[in-house]
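Trainee: Sequence:
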Amino acid sequence: MRLRVLRARGGMPRFILVLALAAAACVVAAQDLPMPKLSIGMDKASQPEDVAVTVKLLVMLTVLSLAPAILIMTTAFSRIVIVLSFLRSALGTQNIPPNQLVIGLSLFLTFFVMSPTYDRVNREAIQPYMQKSITFDQAIHRAQVPVKEFMLRQTYAKDLKLFLDLRKEPAPKGSGDLSLLTLIPAFIVSEMKTAFIIGFYIYVPFLVVDLVVASTLMSMGMMMMPPVVVSLPAKVLVFLLADGWTVLIQTLIAGFR
Numbered sequence: 001m002r003l004r005v006l007r008a009r010g011g012m013p014r015f016i017l018v019l020a021l022a023a024a025a026c027v028v029a030a031q032d033l034p035m036p037k038l039s040i041g042m043d044k045a046s047q048p049e050d051v052a053v054t055v056k057l058l059v060m061l062t063v064l065s066l067a068p069a070i071l072i073m074t075t076a077f078s079r080i081v082i083v084l085s086f087l088r089s090a091l092g093t094q095n096i097p098p099n100q101l102v103i104g105l106s107l108f109l110t111f112f113v114m115s116p117t118y119d120r121v122n123r124e125a126i127q128p129y130m131q132k133s134i135t136f137d138q139a140i141h142r143a144q145v146p147v148k149e150f151m152l153r154q155t156y157a158k159d160l161k162l163f164l165d166l167r168k169e170p171a172p173k174g175s176g177d178l179s180l181l182t183l184i185p186a187f188i189v190s191e192m193k194t195a196f197i198i199g200f201y202i203y204v205p206f207l208v209v210d211l212v213v214a215s216t217l218m219s220m221g222m223m224m225m226p227p228v229v230v231s232l233p234a235k236v237l238v239f240l241l242a243d244g245w246t247v248l249i250q251t252l253i254a255g256f257r
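Each residue of the sequence shown is one higher than the one before, counting from 1 in the numbering used here.
Keep in mind that the hints were calculated from the coordinates and are not lab data.
The model shown is predicted, which means the values in this text are computed figures rather than measured ones.
One should not assume that every hint holds.
As the list claims (entries may be wrong) - Below are the EDC-like pairs computed for lysine to aspartate or glutamate, each with C-alpha atoms no more than 20 Å apart in a straight line:
| # | residue 1 | residue 2 |
| --- | --- | --- |
| 1 | Lys161 | Asp137 |
| 2 | Lys173 | Asp159 |
| 3 | Lys173 | Glu149 |
| 4 | Lys158 | Glu169 |
| 5 | Lys193 | Glu169 |
| 6 | Lys161 | Glu149 |
| 7 | Lys158 | Asp177 |
| 8 | Lys132 | Asp119 |
Working from the sequences, and respecting the hints, build out all of it.
Mentor: Next up, the structure:
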């Protein structure tokens, strides 16, 4: 079937005129629709409770803005992302896997590792507060306890003692007596140490592959050929034969148990 495009005066197809009229009708109809309006104002508080609610709202907004930093500093994310970055560097694959995939995998592994801790926070702090059985201050105190216990299990005693001495604080009797300002930096330093130790063990087998490939090429007189051309597929093959992803992820998760 042959379609004929009818044209109006001036050579414009009629269906374009129809579309233009329909768009104009939509604009006119949209002008009659009520549009939402959002207003933020500051009024004089009539009761002390109003001030308390406002302060709590500001605190919550501040916490939400610092959520990425809190996720990095108080969870398993830093160790996981550093180890995965070491693996990519040891393989020599440059941007494979890409940064988005490394960070995404690190986030989901972090949620998997932290789920018991956050379940306890939800059970002991958030749910009682939502049911109005405890106050906001009590909820904050209860929420800190599981997080502190998790960080304390992963923190080296030497690093914790370092920051306690820097702040001139006495040795705490338990995790409840330990300040977050002392525990968080000690936890981060310990996580970086552990991640670098794991990164060293990751590098060793790939370094052996590089040395073997370089020695083989030298013995064959192929000095002009870059060793990475042969060592890269060899390292990928060794990593796959050893089921490297499963072993690495299992080791990472087991380190937090």
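Trainee: Run every hint past the structure and note whether it holds.
Mentor: Verification of the hints:
| no. | hint | in the structure |
| --- | --- | --- |
| 1 | Lys161 x Asp137 | violated (28 Å) |
| 2 | Lys173 x Asp159 | holds (17 Å) |
| 3 | Lys173 x Glu149 | holds (13 Å) |
| 4 | Lys158 x Glu169 | holds (15 Å) |
| 5 | Lys193 x Glu169 | violated (24 Å) |
| 6 | Lys161 x Glu149 | holds (16 Å) |
| 7 | Lys158 x Asp177 | holds (18 Å) |
| 8 | Lys132 x Asp119 | holds (19 Å) |
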